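Student: Residues per chain, in single letters:
There are 4 protein chains.
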Amino acid sequence: MRFDGVIPPVVAPLTADGELDIASYERHINRMVDAGVDGLFILGSSGEVVFSTDERRKQIITETMRIVEGRVPVLVGVIDTTTPRVIEQAKVARDLGADAIVATAPFYAIVGPKEIERHFRLIKQAVDLPLFAYDIPVCVHVKLSPAMILDLARDGVLQGVKDSSGDDVSFRNLALLRTEQGLDLSLLTGHEVVVDGAYMSGADGCVPGLGNVDPKVYVEQWQARKAGDWERVRELQDYAARLMRITSVPVGEVGFGAGVGAFKTALMLLGVFETNTMPEPVVALEGSNVEAVAGVLRQTGLLD
Amino acid sequence: MRFDGVIPPVVAPLTADGELDIASYERHINRMVDAGVDGLFILGSSGEVVFSTDERRKQIITETMRIVEGRVPVLVGVIDTTTPRVIEQAKVARDLGADAIVATAPFYAIVGPKEIERHFRLIKQAVDLPLFAYDIPVCVHVKLSPAMILDLARDGVLQGVKDSSGDDVSFRNLALLRTEQGLDLSLLTGHEVVVDGAYMSGADGCVPGLGNVDPKVYVEQWQARKAGDWERVRELQDYAARLMRITSVPVGEVGFGAGVGAFKTALMLLGVFETNTMPEPVVALEGSNVEAVAGVLRQTGLLD
Amino acid sequence: MRFDGVIPPVVAPLTADGELDIASYERHINRMVDAGVDGLFILGSSGEVVFSTDERRKQIITETMRIVEGRVPVLVGVIDTTTPRVIEQAKVARDLGADAIVATAPFYAIVGPKEIERHFRLIKQAVDLPLFAYDIPVCVHVKLSPAMILDLARDGVLQGVKDSSGDDVSFRNLALLRTEQGLDLSLLTGHEVVVDGAYMSGADGCVPGLGNVDPKVYVEQWQARKAGDWERVRELQDYAARLMRITSVPVGEVGFGAGVGAFKTALMLLGVFETNTMPEPVVALEGSNVEAVAGVLRQTGLLD
Amino acid sequence: MRFDGVIPPVVAPLTADGELDIASYERHINRMVDAGVDGLFILGSSGEVVFSTDERRKQIITETMRIVEGRVPVLVGVIDTTTPRVIEQAKVARDLGADAIVATAPFYAIVGPKEIERHFRLIKQAVDLPLFAYDIPVCVHVKLSPAMILDLARDGVLQGVKDSSGDDVSFRNLALLRTEQGLDLSLLTGHEVVVDGAYMSGADGCVPGLGNVDPKVYVEQWQARKAGDWERVRELQDYAARLMRITSVPVGEVGFGAGVGAFKTALMLLGVFETNTMPEPVVALEGSNVEAVAGVLRQTGLLD
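Chains as they are written, first to last, in our numbering: chain A, 1 to 304; chain B, 1 to 304; chain C, 1 to 304; chain D, 1 to 304.
Okay, chain A solo, but in the shape it has when bound (with noise of 0.2 Å):
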């Protein structure tokens, strides 16, 4: 199984009370799958993972594979704050039928280097699925080091990184030594606004929180890298970059309330989702914020 090219990391409608909204989520992400992605990543940071209770996120990846019904893999985030946390939610994943497990390294908890690393090899132990690294230092507060990724890589621990760090000279040397040692890791990149950049580097694939938007261009844009078009790779992320702008333009919105925020917004606007309900302590976009984003949604053509 393959792990490259478009895996949005998948954003999940709630209703009006907070219930997870199963209509349009089916909506949602067939209107993915039809766009021609190649993998789809719930649970992740933008998926509300730690804004969801154990039974919400079993509720997640339940309907979620019931709706892929195996289209694409399905990866799933399994983000804890420590190893025994983290081994508890990765069964449960393989027991609802996850193709692989995204984990970070623990956070809360001030840990080494050396624990970090432990961390990731007692996870593989515990659950032999294709294991990703998310490497999210805006949230765990620590950058993973290439040569652990690739020591962990060589050993078969890891499958690939899911790379929010934020990083490009670090990601340029990870994917480049890489390629030298001969490793079988996919590189995936996170940041939706210089995938261009990131597949000059040598990426794999992205998990764009964009694609939730507009699957589309994301789809197109690794087809044009395939096929070795980089000014059309490079057009593209001109226009997702615009497009990305529905999330710096709400006023008094930060982070997930912001980002998440909008593409929930968006995704309203555009017929998707039924409501654009945040998970607390975070409160939905209103009024003329909605509106900014409707503005940014008509400047870049998806909405009339």
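Careful, some of the hints might be misleading.
In this list, chains with the same sequence are indistinguishable; a pair is considered to hold if it fits within one copy or across any two.
Unchecked claim - With a Cα cut of at most 30 Å, we get these calculated DSBU-like pairs of lysine-lysine:
(1) Lys216 with Lys58
(2) Lys143 with Lys58
(3) Lys91 with Lys58
(4) Lys226 with Lys58
(5) Lys114 with Lys143
(6) Lys91 with Lys216
(7) Lys114 with Lys91
(8) Lys143 with Lys91
Hints in this document: simulated from the structure, not taken from any laboratory. A quick note: this is a predicted structure, and the numbers were derived from the prediction, not measured.
With chain A's structure known, arrange chains B, C and D on it following the hints.
Tutor: Coordinates of chains B, C and D only, in the frame set by chain A:
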């Protein structure tokens, strides 16, 4: 019910194969209660909350309540990433008999000040127990603002603060404003090496990790503080600062592995714990590091 | 020559067109010396060293030495990016009569611990005056390690430390080790809001920016500390903490503009400074911000 | 005058006793100009500006202008803590013939956004040369906001940006807005390992430290970029990324000591520099570290 004085964050003993060691735990809790502590804080950062599965968390609460038998109040850490998950933990703690709960700001999730404030309000709404805010930027990577804390105290949301912020200037300002505004807000410091300074600033007590190893020194210091004997407060603090070196002598260890690793090792050397086993992915101190901890215990007279 | 007690970091008055205001400066220095301060620290962070050209720095040293006339020792900040530039500043300070010099770790430059240690050794080699290490991570973005400080004290390189690190735990450990090792190292705290805690930890004095506004309170506090009257030490600290609010009431200002801006404004309101002019690119407090500072001065009784 | 293409930040050769090595400097500059670079940036971070006294800075400018003789434009770093000091440096640069000047945000000083903007405006007012903003948070600990940069470009204050921010997402957004708004703002990337990605984002050129060692590769890459030959751009980048390993092979060195230390060592091994002497307090690479640099040069074919 008062929450002041010495309230150690209880370290959990494990058997060699990683189970909760009940016999050691009984010895440990009784030793602290007998020393005269004013409360116990379980499932805090050093109480390995983020290393414990939900099952283990329940076991720790249940066993603690059974052993303590109401002799002192028990504060329970309900540490999880965001509001829905924290509320779940809070309900469990309440149902198992917690006297108070302790929650941090959201972590991993990237949110702003308004979400942090809403987070505490929603927790209090869901579970009407005395609620402490746990200010620990080294783990959650955000500092709670004194202005927000005072607002929440005024509205009856917060009962107190467990301050592990490392920001003594902010703590002084908070304590002064709390007093000027006549608010009933219990301020406890988590910095066991400078409790004397915190008492000068107006702290109502302390939550010293080192109090696991030597509860008596903090109890005596609190009595000296109440008696206004500041020279004694200071002398005892200097002694405690020397004892705290058990956490800096281990070589090649950082964070939780060095700190809690040293506490567990000291308790093993003192005959309170059976082992110094650590939760995964952390490995227990060994060999010369154990010897180094023993050396400090001998220098401070705790070990012959 | 002793360097202990109260050593304010002298704020420099400017005329409306940005020149050093000599008449105000004489009033200011004489007011502090008359209040009984034990020394003066010029060209520190609040002494606008990094806002002053070399010419201005020389003028400040020259005028200070002339006004002080040996009544108290004068410590001179030799704050610049790296060793060659600091040594130049140190030679100027020596030639103009400095009693001691104060240097930070290198900044802007990205160096490691061994370069920091070599930096201090080379400064001392070049200019054989009493040398203080200025530990101010908020400006130079590195914390000096207690182990390095102790080594440098043992080798006669450092005479003392001006601690503005905000790390009270580290300060306690440094003070304790210094005493245990019998080193002659003067430890001065720069945190004017928690001097009482620093005295508990073993500080030999303070370098309070707020001492520009009210030098008497720190002088009286130091006397109380020497007399062992800790309750008085604490009361005076609470008073000073309330007065320090002049720096938090200005709206729309941060850092140097808020802090030194408020000190200058208070000194203007107290009739010591002619203006509250700030060095470029900072703009002086105006309108309601001046009024807010005046309000705090009235509340604390400094202004009618 | 255009400022685009390849503009290496010139590394300064020193004699064994720390003087500027004029003969080596001539060889070095001529080698880069002969290779076809489009400009030279002197007294940047790797040009040891913060390690140089004012006298040395003047000498470097003077010698550079003499050697270059107008063959390419010379940009001069006027790097100092705040406005008054930067303006002094800027006047010197202007008087010695600089074609453009490059300034960072204030550093050491704690200021906010409005002071940063005023800083650039005042510099431009004082010295009417083309002004580049040097965005280098790793040294000055603040990131320049794209919105401010665009405002300053619109008002004719900024001619360009030298981006060493490590934030490729922000760079993409800046480049896109600059183009959409029709601003004449030259965007140069300082990240020599991912210049291809920066070109995809719209960069007008690069300021590659590694261009000191191998200027030809960056010149050829820039030509390929202008020709739209993206595959070639990428191949050359991979080669440069491998060569950049000279900076990661030294053991026990960090930051400037590792980076510029490796550049100087490579230039010594290539016969361009006489020595690899570093400015105090940094020590030159020695022994096995020199050998490691030589190893990388051999692997990449620069050394036999």
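Student: Against each hint, give a clear statement of whether it holds in the structure.
Tutor: Each hint, compared with the structure:
Proximity of Lys216 to Lys58 under the C-alpha cut-off of 30 Å is restricted to the intra-copy arrangement: shortest distance 28 Å within a copy versus 47 Å between copies. Within a single copy, Lys143 and Lys58 get their C-alpha atoms as close as 29 Å, which meets the 30 Å cut-off; across copies the closest is 32 Å, which misses it. In this homomeric assembly, Lys91 and Lys58 come within 30 Å of each other (Cα to Cα) both inside a single copy, at 11 Å, and across copies, at 20 Å. Taking the shortest alpha-carbon separations for Lys226 and Lys58, neither the intra-copy value of 36 Å nor the inter-copy value of 52 Å comes in at or below 30 Å.
Taking identical chains as interchangeable, the C-alpha atoms of Lys114 and Lys143 lie at most 30 Å apart whether they share a chain (13 Å) or sit on different chains (24 Å). Taking the shortest Cα distances, Lys91 and Lys216 never come within 30 Å of each other, neither inside one copy (33 Å) nor across copies (44 Å). For a Cα distance limit of 30 Å, the shortest separation of Lys114 from Lys91 inside one copy, 24 Å, qualifies, whereas the shortest one across copies, 35 Å, does not. Taking the shortest Cα distances, Lys143 and Lys91 sit within 30 Å of each other inside one copy (26 Å), while across copies they are farther apart (35 Å).
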